[in-house]
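Residue numbering for the sequence shown is -21 to -1, 1 to 351, as defined by mature numbering (1 follows the signal peptide of the UniProt record, and there is no 0).
Because the hints were derived from the structure by calculation, they are not lab data. Wrong hints could be hidden among the right ones.
[As the list claims (entries may be wrong)] For lysine-lysine, the following BS3-like pairs were computed, each having C-alpha atoms within a straight-line distance of at most 25 Å:
#1 K189 <-> K114
#2 K114 <-> K223
#3 K277 <-> K329
#4 K223 <-> K189
#5 K329 <-> K166
Owing to the predicted nature of the structure, the values given are computational and were not obtained by experimental measurement.
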Amino acid sequence: MKKTSIILTSLVCITTVFGLASCNDGGGGDPAIYNITYEENDNYRVIDFDSQGQEGSNILFDVESTSVFYEIGEVTYNGTPISRGSLGYQFIMPGEDVVIKIELEPITEYDDPNDYLSWSSSVIDEISMASEEDKGYQYIECVQNLTLDFDMAEFGPYNSVDENNTEVLSSNQDVIPNSAISFDPIKESDLIGSSGSNMVRGGSIRVDLKQINPGTATIYAHLSFNNADDATLMRTFTVTEYGKVEVETWNVPYTVINETSYDDLENIRISITDQDYVYGSNAPQSQGCSLDELVDGKGTLVFAVGHSYSVIASYAVWNEEDQKYENIVSLEVYDWTGQGSSTSGFNQIKNGILTLASLPTDTNPIQITIDN
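From just these sequences and the hints, can you work out the full model?
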């Protein structure tokens, strides 16, 4: 991996030794020749390696990582550390056989602040497995979208992700296999409609929850841009059993102001849905009520901190005899701006999407105004 400033954790050392057959000195005053062996590992490659060396000679070789999930740690010969110079690793051959050991340092997290790409604030370090019930339904998709943030001010209006040059990998195939993760793009046409182009403006890492198992794995995402440097993200996630994920929530007061022409409140319904829902978490995906269930138009919402919620209002009359809704009407939800500042952001509903910068109070609740 070319980038630095990596958060490093525990060291990994693999002990399967690779080498050639021993060769002792030739006797009769010939210089003593000793064997050099090293520990073999799929996550690094030893370059310009000589399997034998004469006592007192300079031994030079190099090591490079072959995995995005590791970088080279300490390198030793017979327990003595070797520093890496401009030409690689070098030591003086002792009068004995040498075993070179190479330690690997796992890369568990990486986010370059200058590459226009980061994890969304809604992404947490836990991912839930699919429930046993959902696993039993072949045609039900159970996915978790790990949303990515693109700094469009820096990214540029003419830049786009090259979908053919994206790479998403997992460090632990037993926990999150590579087949369970992929880049799910958001195109300009998805954001502004048919007038937009197919240029990729955002996206998320899509995780198939039916394929994952409890444990820990690091996800590596590398995106190639058509008009800027590439971007790389890495983050370690813990996969839990279903229903074990905890997210921070607020109990948020809201008030509904009915400006419609309907006064049969039991037929007017408010539906509030988490757009960043974390599957298997303590925060509900959808919440709603009819207006007759509210007291003076007041209710309480369980709000997952940092998430966005869609707010939808509708009118419909339930036909008991035919067991269906009739006279269905979509109602307008007005934009609203509450407490906040230009620095911290505002509590607001804009184009039907609710976001909160701070916890609303009983005296400053969310205001949902509806009309027809």
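Structure-based check of each hint:
no. : hint          : result
1   : K189 <-> K114 : 6 Å, holds
2   : K114 <-> K223 : 17 Å, holds
3   : K277 <-> K329 : 20 Å, holds
4   : K223 <-> K189 : 16 Å, holds
5   : K329 <-> K166 : 21 Å, holds
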